[in-house]
Every structure is written in structure tokens, then in C-alpha cells.
Amino acid sequence: MTGEIKALGFGILSPEEIRQMATIRIVTSDLYDADGYPVDGGVMDSRMGVIDPGMRCRTCGGNIDTCKGHFGYLELAKPVVHVLFAKTVYNLLKVTCQKCGRIMTKERASLEELAKSPPSKCPFCSTVHKKVSFVKPYSYNIDKKDFDAEKIRELFEKIPDRDLKRIEFVGGRPEWLILTLLPVSPVNSRPSITLETGERSEDDLTHKLVDIVRINQSLKENIDIGAPEFIISDLWELVQYHVSTLFDNELSGIPQARHRSGRPLRGMVQRLKGKEGRIRGNLLGKRVNFSARTVISPDPMLSVNEVGVPEDVASELTIPEHVTPLNIEKMKKLIVEGKASYLIRPDGRRIRVTDDNRGDLILMLDKGWIVERKLQDNDVVLFNRQPSLHKVSIMAHYAKIMPHKTFRMNPSVCPPYNADFDGDEMNLHALQTQEARSEASLLMDVKDNIISPKFGGPLVGLDLDQITGISLLTKSGVELSKEETSDLLAAAGIDAKIPDKKKFSGRDIVSLLLPKELNLDFKANLWSSRNEDKNNGLVEIENGQIKSGVIDKTAVGAFKGKIINSISALGDNEKLRQFIDNAGRIGVAYLMKRGLTIGISDLDLSDDIMKEIRKSVKYAENKANKLIAAYNEGTLKILPGMTRKESLEAQMLNTLANGLNDVSKIVIKNVRYSDIIAMTESGAKGSNINTTQMAACVGSETILGKRIQRGYMGRTLPHFKRGDLSAASHGFVSRGFKEGLLPYEFFWNLMNGREGLMDKSLRTRKSGYMQRRLINSLQDLKVLDDLSIRGAMGEIVQFFAGEDGIDPSKSEWGKFVWENYV
Amino acid sequence: MHDIKFPKKLDEEIGEYIKKNKLSGQKAKKLKERILEEYKKRLYYPEEPVGIITAQSLSEPATQMTMRTYHFAGTAGIQVTLGLPRLLEIFDAKKEPETPTMTIYIDKKYQNEAKITKIAGMIKEVKLKDVVTTSVMDILNLVIKFKLNKEKLSDLGIEMKKIPSKVKLKNIDMSIERDTLIVTAKKENTNIHKLRYKILESHVSGIKNISQVIVTKNENAEWVISTLGSNLKKVCEIEGVDPTRTTTNNIFEIYNVFGVEAARNAIIKEAMHTIEEQGLGVDIRYVMLLADLMTYKGTIMGIGRYGIAGNKPSVLARASFEETKKHLVEAAIKGIKDTLEGSVENIIMNKVAPMGTGSFTLVGKLPKMPESLKKEYEKKAKKLAEDREKAEIERKRRIEDALKAEQEEQQDINDEEVREEKEKDKADNEIKSKETKAKNKTTKAKTAKGEKKETVQKNKKK
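Chains as they are written, first to last, in this note's numbering: chain A, 1 to 822; chain B, 1 to 462.
It should be emphasised that the hints constitute simulated quantities derived from the structure, not laboratory data.
Predicted, not measured: the structure shown is a model, and the values here were computed from it.
All residues carry an ideal CB built from backbone N, CA and C; glycine is no exception.
Any given hint might turn out to be false.
[To be verified] The list that follows gives simulated cross-link-like pairs (lysine-lysine, BS3-like), each with its CA atoms no further than 25 Å apart:
1. K87(A) / K337(B)
2. K9(B) / K637(A)
3. K351(B) / K158(A)
4. K810(A) / K9(B)
5. K151(A) / K99(A)
6. K6(A) / K351(B)
7. K136(A) / K351(B)
8. K815(A) / K29(B)
9. K815(A) / K19(B)
[Said to hold, decoys possible] To spell it out: a stretch of chain B is covered by chain A in this simulated footprint if at least three of its residues, at any positions, have a beta carbon under 8 Å from a beta carbon of chain A; those stretches are:
10. 25-33
11. 40-49
12. 178-186
13. 333-342
Can you build the whole structure from these sequences, using the hints too?
Pasting the structure below:
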């Protein structure tokens, strides 16, 4: 029964094939008899498959799960064109001699190309070809006279096979493009739904088929009684319409077939097509069992490759375990403890473990049984956050069963998932086969995906408070006693041997976490952010001992951390994982001990400085006013390629930006050291611009890269005169958030914020589509063992992968630093 | 694994180091071996699906890019498309970028402002409208008079007399009278407004399509010309222009002038520039791979429906991307056989895609089974085989039964039972009649179903 599909062939069904694959012939348009049973010979005939549970297929004897369904067929009273091939029929008519039925070419050519410039004379019998025209979607005229499907069929029957081969028409005979028999799809493919009221609601395809059968019947009767020509041709056209809309209900040129409610019916093409269609929606994307989803929250005491799973989730998800002589005792224990949900007997029967049958089941349990046990600590699970933009959006974690209702994760793994804890939800999948579990733990483990293949730097690293904490700890002048040190390490859960010293600097403590073979020199994030403090700004690590410098974002942060990269280059991912865990914990532990707080007064500046700032802002505004004056006088410098107005706008924006820059310099130089500064200079969160905007001046708000222009006629808001060009009236906010914004300034800020939201949604859409196209183009490329990159059919795209064969995820920022091994 | 050697550049670097430190042959060999060992560790694993990683690495930063179309290119003042729109332009292989621009390098001999300005003047396209001050239309006689700006003409070095020969339009007569260009339409029914517009837009001097020229000094204190609009071939022909360094951002132009390899490098350069300008980091290897994929067939192909994704050999891969109907219909006519070698095809068929661990299967001997277990399994296997045989016989019998039953049923309908039933119907109430009918129909079914179930389970067992 089981086999593997090696290839998939496409072709055109012949009438014989249609008859052969069918089990019944459809003869009536009735669906059910008065008792509600399917009518024999109707389109819901029970010989075409089962859709009701408990019923049996009258063809194969299978039930709802085992019967795959059987085709039926309908004999059409008159042939109709298959719409999906209507264009092909047209092309064939154009190139087929109307007299001798040969394809009018002696060379090989594709049908489309040949039809583009059809020969005017048959090369075989020299008959002049009459003009063929195509009336969308399915009628043809030859010499302005209707050429119906029957005639087309007759003509196509004459085309010899060897001619067809020449034009690459090998999927079947061309006359098969004109339907004489209509295959009726199995009932399983169009199940009806029983509504609560007991009424049956049929599938769109069934409705369509009923229409076809009904019209076909009356066409047949009319032909039999010798009805007038126009009645027959009307009915024939109607059959053609219904058959066409069965295949595709989005044809141009004819009205869509509609349901009674007015909703367009779903044709076969509509079933396949698009995002929710069969291919993209069901074959490529599937729904899964053994998954869970809930809100995430942080827990730094978990390792980066662990995930805290709520008890509720753990008791619902199961993992199958095969009972062997080696684990039978363990499995029995699981049943006793209520940690098994189901047992599967060797004959495939599932038994739910309940309090009543537990005792019996333990006695029955034997080799060959499968125990579906609940999720336990250290089970490998997949953890995922949408949108899954790259491969690290889904990684393997080890489960830790915990109380409460959220998934817990180490904040250091937030960057690859792009997660935060403002209500984000994540998905978890319990793996069901040993193969899946071992692949997950060997390939998808967080600790093996710390270095991003994108740029060769760390994706997993300390984030936010972890960075603030560790950078405050490693600043010069931090000194702890031995007791304090032990407390700190204990609070962080770090088991380290402390040297026998009285005083410990923060750097000594962090050095305990570093491997002894680490040697590094680099500039910390703090360098040049506020001052060029050599003791704090230049990091020097010698044999795993930090000599100087603070450990901050450039050392241990995600995307940047140099220490993380260097430890990774040593080759032990387990050690790297432990380092990230410990560094994060010690940062948080120290921060909890020290405390972190910010207040409005943190950004207070002395009156003198405030005056200086106001002067600086005024200066920028004056400069802007001078530009306006120059513009009005016509002496403004015109920038190349711009109009006068554009030149003014560009220069205004530039002037005001420079003004804000000057203000920023003053603020950063003079603002008192506070926890805000601690956060910005360590790179944990915030920037100098944020500080400036809070403390002194927000600066120019822009829409589409220009000053704010929209609003009322000639002005942005009624607060200003018409034609006012000043900075303030076009989005310049001269105050800081702390001082408070004027109503219109607040409005500028909101406009800017709204633009940001709009831009974001547009961007995600555009780049989402780009990603789909990129993936579709690149998905089949892989590296072979000769280090060439090839596509699905073995075509070579690159002879030597990346021109040096190096996998960026095993590199340091894309480079192989061979100097390390000198 | 094949014999692994260092790539050329790495080999040179190490050679240089050995030379510099004057390492002896023995030591040098040892060092090389050590580095080779580490190098091997950093190579791609066989069957690594680089394509998908490339696509992800390129599109993940795209979500962070700005949508804002225009940006100033340095202080030069030329506005060029950057960010996501530019990246899409490159990947889609658009024939013409939204803002084509060139960077023109100049030979050393011409490195002073006066000479460069002159070259710039030669490059910039001058249309008639640039040198016309006013125009008068005589609708009755179909004559348009253009007053020319003498100063501008002399600045640009254009002789007034030559203007009529430069405007290449049909069915008009042109003559110069003092500083006026007189145009007479030959055909009577000419739309004179349209004609005027056409004449004003006509090319007079310079290089076509180059609408703006800016001369600046670059970071190496070298005079360069930036332009808006691009025409690589013509610009390179101008004397003084250094054709070896002069570039354009129009990839198709580079392809037409210098060929695919140059186009591939242009794609890499432009894409990397766009990504890095946004402050995002992506390894250059991925951009290189995409550029190679876009050009490996000898022409430039975009990534979309009309490029790589729409020209795959597999029907299923194409149908699952876009235009499902078109691809399936085409496949039917051509009688195409899809051999299911790519990844989507295999996913559709519920098979493991031939990549990564999916391209390997386990080949090996299982350890010997202990005697005690072996006997047990043999017993089971024997029983299984017997069961299977039984099931087969049962199945055959069932089919026969079903056939017989069908025949009987048909006879019955024609014969007595129907009549009997009808009589019963009259006697009993309607509901009861339904039940009997249902029973008649399903009794045989039920017995057969029970048997079927058993066989299915047995089949599963094997």
C-alpha cells in the first residue's frame, strides 16, 4: 500500500480515461430522495465516496477515513470547450489547416510562437487559411461565422500526432480539449455540511454540478424532440457557461456564477489559487498538533536554551515513548505518578489513563507498548515567535516545568526572536519522533545558533538591564568585600571558586566567568559617548582577566558583543552558553543590589546651561529666519536641481538639524551623571538624542522627509498667518519633553508619530513580499560536498561557495581570523 | 571530502606572514597545517541549504529599512533612490532605475576646475527649451518662432546656425533669422501645440538622458562629476573621462556595455551600498550568491514572477509561487513530468526535502538480535503472515459477497420485496419504514465493515 511518489505527470484526460476512472454515470440532477437518502445516479451518489461518519462506501466498502472517493462522469449532450484551455484551442485553430487538418508548419516551433504569426497558407495542401477570431472567454469565429465546439472537435480529430509533436503538444489529443464527458469529482472533495436546523448545505461545486446536470438534461430532451435551433443553441451556451464557471469562476467577459446569497461560487481554480488555496494553504502550510501558545515573560535564572513551560501546558502536551525492557520500570512509575496521558497497545488501540484503570494498565504494560507521557523537564521542544523571518525565529529549547501560566525565557534570547514582554505570545511544539528530537537538539539548540549566519556576529547576548548591570559592576571604583562578592555570586546562582582576597573589584568578579585563554583589546561603548575615559573606555583582557574597561554592549551585547564572538571562536558552545547565562545573571543581580531609578530631576540643567541652550536654539531659528528673508528677497542660494522653494526647505531642515546637534552637544556635556546616562552610555537603551529631546529640545518634526507642509490653505494650523514660513509653523519643536510642548508642537509630534506607524505597516508588507520572492528564487540552492553551490537540478551557481568556502556562521564577522592560530 | 586547499587570498596572506617573520620550512609547514585544520572547521557543511539562509539574511534587514524614497547623495545634491525601494529595484532587475545616476572619473590631465567644468558642460544634455527665451505661435500659417538665448548658446559652445540640423523632426522646415528659430510645419493638419512641445523637448547638444551635472571633489581630493541620468557608453567616449573607473547605477547599462560579469559586480556593489547605507550589516557572501543566481544564465534575471521564480523547471514550484492556473494548464498541454527534485515539490508530496540532513539516509547493519527476542519476533512474524493471508481471503470473499448482494438487491427491487415493503409501509407508520429501509441497505455493510476494520488493523501491525 505504501509507496513513494517519484514523479508527477501532467496531461489531458481523454474521454476513455474519464469513463474508466468513473464508477458511475450521472443521470439525474436530484440530490436526495424524499427520505433524505442520496439518489442513485445523482451527484451525491453514495457510490462516489463517504462524507457521513458511520456510512460505508458502496464502491470500495471503506468508511469516512479509508475511502478516498471515486469519480463519476456526465455525458454532455453537446460538447463544450474546456475554458482553461480556451486560449490553446484558439492558438490551435490559428495554426491548423481548415481543410486538411495539418499543423501549418514544417519546422519545430512552440504553439504560442507559431500562433503569433500564423502562416496564411497551408504548406501541405495550399489552402488559404481563413481568419480565426476569439470571443472571450470561449467562442470562436471563422470568417466571421460561429465555429462551435462540435466543429472544432471534428477539425482537431484530423490533426496527425506527428504534427502535434512538432509543436510540443504532447499532453494529450487536441480534441480532448473539447469536453464530451465531464468528470464528476468524488463527494469527499465537496462535502455537504449539516446545519443545526438539520438542513443540508451543499458545497459550491455540488451546486455547480447540479446546474450542469439539469441544463444538460433539458438540452438533451430538446434535441430529442427536435426543438428549434435557437432553443438548442441557447441551452448549449448555458451548459458551456456552467461548465466553464465550474472550472474557473473568475473569467473575464462573463458574469460570475453566484450563490443564492449573492456570494460568488468557488470554482476549481479558486480552490487551488492564492494564499488560502489548496497549494499554499494546505499543501505547503499545515496545522499541527502537540503545540501550545501563551504569553511570554522573562526569567534570567533560566538558561538561554531553556524555556519555562506552565504546568497546564506540560500536562496537555505528550511525548510518545516506546516501552522496552530497559525503560519499562520507569514507564510504570510514570503511570503511577499520573505523568502519562495515554497508552498505545501494540495493536494500535489508544487507552486513556484514568484513576480507575491505572492499576490494570500497569499490570498490562509490556514491551512494544507506547506510553504517551506528559512533557517533562529537559524534553527538547521547539520555541517560536512569529513573524518567523529567519531560521533563529524557531529554535530548540529544553523544557522546565514551572508553575503559573506563561512561558518563561531568558531575556538574552529575545534578540533573535525579536521578542519583548509587553504581551508577546510565543508557540511551543513538542516533538514526536526520536529523529525529530535528535535533529532539534543537534542543529536547532540555542547554544549552537548564537552566531548569526547573517553577519557572523552574536544574535544572543545581554539585553537592556543585563547590560546596565554588568557595565555598572565593571566600572572603575566598584569594590566589594569577600562577603558581598559571595552574596552576589550566590544571588546570580554562579558556582565559582573565589580567590582568597579581601577586596574584589567588579572586573575581578566578571573575570571569574571568562575562559582563561581569552585575550582581547577593544573600545567599550562608553568610549567617546560622553568622555574619553581611558580607564573605563578601553577594554583590555589578558588571559581571561579584565585589566581595564567596562563590559558593556560592545563586549557582551546582542549583535555586537566582542567577548561572545571570541569565546565562540574557541569552539565550545556549551561554555559560551554558560558565559551568557552567568554574565546576564550577574548583571541583573548587581542591579538588584545597587538599584536603578530615574526621575525628572535627573535631567535638570543649571540656569546658565539652560540659557546657553535657549541661545543655541534661538541662534538656529534666527539663521532659519535669515534664510526666509533671503528667500523673500530672492537672494537665496539655489541648490542644483531644485526649485527656489525646495532649496529653502532643504536648507531650513539642514540648519535646524545642525541647531539640534549643537544643543545635543551642550546637553551631553553638562547633564549630571544619573541612571539615565548609565543606560545610554552602556548601550543598554536610549541615545544621546533621546536625552537631548527630553532635557532640552525635540527639534524638527518631519513628514516624508520634509518639514510639515499640510494643513489649511496656506498654513499648517490656524495658529499661524497664511504664508508663514517660520520654523515653528512647520514642525520645529523648540522645547524638550521635560519642559513640556506647546499645543501645536505636541500636534507636530503626533503627526510624526502617525507617519511612523503608517510607514511601518507599509514596510512590513513590501518587505514581506520581497522575502517571499527571494525565498522562492533561492530555496533550492545548497552547498555540495565539493563546496559548489547548486540548484535543484544540479546546475552550478557558484563554483566555490562564497569564493572562500567559509560559512559566515562559523566566522568572526564574516572573516576567518587565522592570526589567532599563529 | 575533497582535497581542501586554502583559497588564493588566504594562501597569499599566510605566505606573506611567513616571509615577514622568516619562518623556517619546517615551522612554516607546521603553521600552515594548523591553520588549514582550523580553516576546514569553518567550511560549509555539505548539503547546507545556503539559498534559504541567503534569502532570510537579505530580507530580514529589509524589514528595518526606511521606505523614504529620496536621500541626498552626500553633499553633491543629487537625489537618489535608497532604502527598501532601491533594494527592490536591484533585486527585481528593473530595466531603468528610478533615479539613474553616474559617477564620472576624469583623467589626471584634466584635473582642474576649468577643464572639468568644460567636460561637465559637454556631458549635460541641452534641450532646445534650455536655450529658448520665448516662443510665438502663428496658428493660421502653422509657424512657430523661438527666440534663442545668445549668451547661453555661446556659454555652451553651440553655434546658432547648427541648431536646425540638430532638431531631428519630420515634416517641418527650419531656418534661422538673426536670433530667432523659425519652424514651419509642412503638413496642414499638424497639431501646432504638440509640435511646439516636441521641438522644445528635442535634443540639441550634450549626452542624451543626462539632465543634471554636478562637479565635486571626492574624499581623495579628486574632481569627479556626478550626474542625474545615465548613459555609460556615450560618456566613456568623451575625451578626458576615465572609462576604467566611471560607473553608473543602471545595472542593465553596465550589462550592455561591459557584459554579465560586470553586471554581477554592479549588483553586488549596489546592493551592498544600499544595505550598508542604512546602517545594516549583511555578509557580502549572500549578496554575491544572489548576484550569481541573477546572472548565471548569461543575462540578468530578476527574482520575481518573470525572473528566477517564474522560470524554474518544476511545475509545482512555479504553481506554488504565483499564477497557479497558468502553470498547471501549460504543464497539461506539454505533458510535463515533474521529477520532484526541489524543496517545495517534496513538501507538497509530504516527503523530506533533499537538503541538509534530509539528503542522507542511514546505511548500516543493525546489531544482532538476542536469541530470546528473535524467537518471539519470529513467532509474531509468522502470526502476522497468517493473518495477512486470512485477511486476503476475507477481502476476496467480501468483494464477491458485495457483488452478489448488489445483484440480489437489484432483483429484489424489481421483484417481490418491494411490494412486500410497500404493504408493510401502509401498515406501519412512515418512520418505521425508513428504519427498515436503512437496515436493509446497511446490514450487509455492517458485517463487511467489521471484517474490513480487522484487516486494516492487521495491515497497520505490519
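So, going through the hints one by one against the coordinates:
| no. | hint | result |
| --- | --- | --- |
| 1 | K87(A) / K337(B) | holds, 22 Å |
| 2 | K9(B) / K637(A) | violated, 50 Å |
| 3 | K351(B) / K158(A) | violated, 43 Å |
| 4 | K810(A) / K9(B) | holds, 19 Å |
| 5 | K151(A) / K99(A) | holds, 12 Å |
| 6 | K6(A) / K351(B) | holds, 10 Å |
| 7 | K136(A) / K351(B) | violated, 41 Å |
| 8 | K815(A) / K29(B) | holds, 23 Å |
| 9 | K815(A) / K19(B) | holds, 22 Å |
| 10 | 25-33 | violated (count 1) |
| 11 | 40-49 | holds (count 9) |
| 12 | 178-186 | violated (count 0) |
| 13 | 333-342 | holds (count 10) |
Hint check: violations occur at hints 2, 3, 7, 10 and 12; the rest are consistent with the structure.
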